[in-house]
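From first to last, the protein sequence lines are chains D and B.
The C-terminal position of the first sequence is numbered 816 in the numbering used here, with every residue numbered one higher than the one before it.
The C-terminal position of the second sequence is numbered 497 in the numbering used here, with every residue numbered one higher than the one before it.
No lab work stands behind these hints, which were simulated from the structure alone.
To give an idea of the chain D side of the interface with chain B (calculated C-beta under 7 angstroms), a few residues:
#1 Gln792
#2 Thr796
#3 Tyr799
#4 Val802
#5 Ile803
#6 Val807
#7 Ala813
Selected chain B positions facing chain D (in silico; Cβ < 7 angstroms):
#8 Leu165
#9 Ala210
#10 Pro227
#11 Trp231
#12 Pro233
#13 Val292
Keep in mind the model is a prediction, meaning the values are calculated, not measured.
By construction, the Cβ of each residue, glycine as well, lies at the ideal position given by its N, Cα and C atoms.
Read off the chains here:
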Amino acid sequence: MLQHTTEAVGAHGTFHPFLLGWIVLLPLLGFLINGVLALMWWRRGPAPAGPEPSEQEAHAHGGDAHPGVEEQHPAPLDKPWTRTLPSLVAPGVVLAAFAIALVNFWGMLGAELHEPVIERYWSWMPVGSLQVDAALQLDQLSMLMTLIITGVGALIHVFSVGYMREDPGYPRYMAYLNLFIFFMLVLVLGASYPVMFVGWEGVGLCSYLLIGFWFKEQANADAGKKAFIVNRIGDAGFLIAMMLMFANLGTLSFSEVFAAAPGGLAYGGVVVTAVCLFLFLGAAGKSAQIPLYIWLPDAMAGPTPVSALIHAATMVTAGVYLVVRSSVLFTMAPTASLVVALIGALTAIFAATIGLKQWDIKKVLAYSTVSQLGFMFAAVGMGAYVAGVFHLMTHAFFKACLFLGSGAVIYAMHHALHATHNPADAQDMRNMGGLKRYLPVTFATMGIATLAIAGVPPFAGFFSKDEIIGAAWLGAGGTSPMAQATLLGIPGTAVMGFIGGTLTIAALLTAFYMGRMMLYTFFGPNRTGAEEERHLHEAGPTMTVPLVALATLSAVGGFLNVEHEVPIVGWFDFGQGAALHHWLHPVIAGSEEVVRANLGELMEPHHAWWPIVLAIVIGVGGLLLARALLNPDALRPAGVEPDYTSAPERVLYNKYWIDELYHALVVRPVNVVSQVFYRVFDRGIIDGIVDGGARMLQGIGLYTGTRVQTGQTNTYAFVIIIGVLVVLGAFTL
Amino acid sequence: MTLDFARQSAYFWALLPEIVLATWTMLVLVVDVFRSSDHPEESRAPVAWMSLAGLVVAGAANAYLLSMREAAPTGMIAVDSFRVFTNFILLLAAGLAICLSFGYLQRRHIDRGEFYVLVLFATVGMMLMAGSRDLILMFIALEVMSVAIYVLVGYHRQDPRSSEASLKYFLLGAFSSGFFLYGIALLFGATGSTHLPTIGTMLGDGVGTASPVALAGMALVLVGLGFKVAAVPFHVWTPDAYDGAPTPVTALMATGVKAAAFAAFIRVFAVGLGGVREDWAPVVWVLAALTMVAANLVALTQGSVKRMLAYSSIAHAGYLLVALLSANQAGAAAFLFYLLVYTVMTAGAFGIVIANSQGDHERVSLEDYAGFGWQQPLLGAAFGLFLLSLAGFPLTGGFLGKLYIIRSALESDNVPLAVVLVLASLISYFYYLRVIVVMYMRPAASANSHDQAGLAVPGRAAIAVAAVAVLALFFAASPVMRAAESSVASLFPAAPALFGMTP
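The following block holds chain D by itself, in its conformation from the complex:
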């Protein structure tokens, strides 16, 4: 394998990447080992009658939560190592990758690089003028993403050991999870758009496989399919963007594109705007933004650790990563950036309203994720790239914690309901209540994460969310590079003012629905049932330790980026200052160059004190409002509690009937058209031609065959004689 590495010279010495390829290879190795185990077990086959009925029963409790089902049925995993080995290998490889990433991080900290380090392995697509290398690129942004993916990923792998150990498909599950980490690392470490696209498609595949992990249930398989199809729409956008880039710049590797774009494309021109809008279409598909968000809530059909890893902490943030990675292009297309910001803000408030009225604990978190991703897009759309990445990181901490916490709750609920053969839904908050007595660790960790997401200082979400909303207010004042652009004639400052207002309300709603979720789940009387209550208990350390670790990160992660000059926030500067800003600066230096060249120096931002106070009031106020308005004592279990009756409640509970709308406007017409094509064109015309042709040819063959191949030697001799005469004639005449 050929390998060329560019050695990057930083301000404080050289940096040579340490085993960069192994970060990516180790999870792949884990996938292979677990995959072989899964196949070996599959070949032997599960006991035919064993797991079936129990699975049915499990699903009666709700979409998720298999854990513990096999307690009464002998597990079909007949060899102990089919469970022990994945438990060691799967988290092991991710932890090892995390360790290697840490070593590299240390090296980069000392070197202060200005250029990415690129490791080329082999020439992947040498087609004419298109030269794509299989190459990895390590810079500050991909370093950060790698640390999040392997770090949070390792914690979730450990959690999965506890959560999924009893599942009959355990090795298969771990194999998929390792494969996901592999593709996600390819996505963030790839040195060109095509390599990134490989990871992009790969994580989509793993997401599909894991959403439909319990594929025997039709709803789960459908949810996987939905995610896959919706993502294909986005991927088409990504592909078109790549083709546009190649047609106009002649290259697809990051370093060359970003070097060539400022000179090769017109600032604010049609081409760069189109490229960015198509890239955003891809990002919207992967990161669940309007109008392609509909797959993410359904994706909760997968096991809960999957929701935490893929559908909260890592994969769904790939779109944000894509925009930040392409910051040079997006800065050159301010109109497209405003579109990104506006869509992000609208998604943030739209999803937040739906989250207000959901009963399923995972659905609340799913819509919350969509909403938080909206915050990130709003940030990167306004040119606040670091703020977007900052929120991406803190969100990875607190949302992973919340999802894993909900997993622990579902696990406990499921065991309790299973013990008494109660068919009630283990994920419905109406069946919970008062769980803080039974699950103290889960309650404490989820509580910290809730404070973080609500934006209560000094928890992580406060700093990152405040930076985004602050950027909107500053942009409205004219300090954003997008401020001078217009969107459909509306000046950028006005758009960003609108975004600021929208995000503020969305933040209030966030605090409110999170408060509601905590109240209904952990406070008030228990509604699970008197008998079931006795079976509620905390899970083992493989599940609680990751929770504690993530809660700690949710609590302190915000201190990584504290802007000293911002009022109140500045109190928390313990000398580290805006460390993340400093760290990521080389990555977005190119976009700042674009701004300087086209807009000159932007005015210095002036930080007012009122947005901070407003943010704190909203965060704390939202939680208090939930406490004041909602009464967990009055809530009754699912079957007893009446459905929502008032019109606004029903609109929100039914998610604005968007799924139904899509079904009527897109799915059904496509079905009708394809049916017409199938019946008229495919069955009628194409099949007719093919069948008719085959029948005709067969007729000819039959005729000549029976006439010539009579079995009579004299006929054969006659045929040969005719042949000889013809050949002779052809030669001599």
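Go by the hints and put chain B onto chain D.
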């Protein structure tokens, strides 16, 4: 070592592989006679193993040929790497046929040592035929090969179909040998020689230089060779002979005999008569087109898998004729490459037909394959692979081989024939895929109807080798293709301009 054919001793070295194999064969015969008089009821497996060893030794001698050079192409036998390449194909074909006959002969109660001896003698004939540079030697070699094959086709004396096939093949073969010999005589009359390079020189280059006598000679030689490669309309014997013969013999006929005849074909026409190409090319063109179209059409209607494979082998003769017609080195290299691919995939396919036979029942109808793919997963998968390769499906050697042939046809501006080839192989997909459909999608007659299917260990090894080769000839084809190209270069030393050799 440089061989000068002015000295007779040079022939000893030039014929080394054939001499080794012939001597070994006689040894096998003697051993068998002594063994069978002592133990008349015992299995003949030791004889078969000994025959395989003979093929290996002959192969080693064949490799030794590579170290020899001829001073001038004056000998009756060619000493060039083309001969080495074709000899390897022929030895491989014979080896696969012997491996496949291990259990089969016992099951049909025809397990006698002469079988292997005859296979080896036929192989000696094939090797001589493929390497001969003189029409008289070619004729003798053809007869050595054919007589052995006539006997092998009728080897199952108690089976009337086998005897009938043998008699038909013998009568028509003798008939066509007459034409071939008459053609040689006419060519001798026109040029005064049976030595191919001399004939070429005497006929000269260009159109209209050949006399009518020479043309008639060419026509009759074409008929004789066309009969052996089974080109339409001289193929009429093929379905009956292939169908009636014991299946390992069918495999040998479809691979070895055909390969030897094709090698002779290329030596006579592309090299010896290359100068008067315009005289014979149009006729071969028509034969190629006719062969491809007719064979594929008739194959569509076959209900017997064995008979379908017989027609398939006729169709492949058409494809090989296309490669032969592309008068350039790329064409000849494509020809050699395809010959190798064809040999392994055809031998493999017949191997599965052998595996599916039970006792005295050949079980060759389509219905006998219902559910085969599920009850015999490995054999079924291998059969699917061979059929896909025969059809020319990507990821198999058959695809690459066809691609090379089409490319050579296009390079020599033979677009219509390339189109015919593509359309013909399109038709062929139907009958190849139909077998796969039956194998996997039609339920078996009973849950254990294929339990008895199977092969002895050497037969299984042959299938495995063929399957790996079919895949390897797609995924790692370049060394083979390079070897084919260099052997072809040795074939055309005298006429660089004609065959478009560029330095």
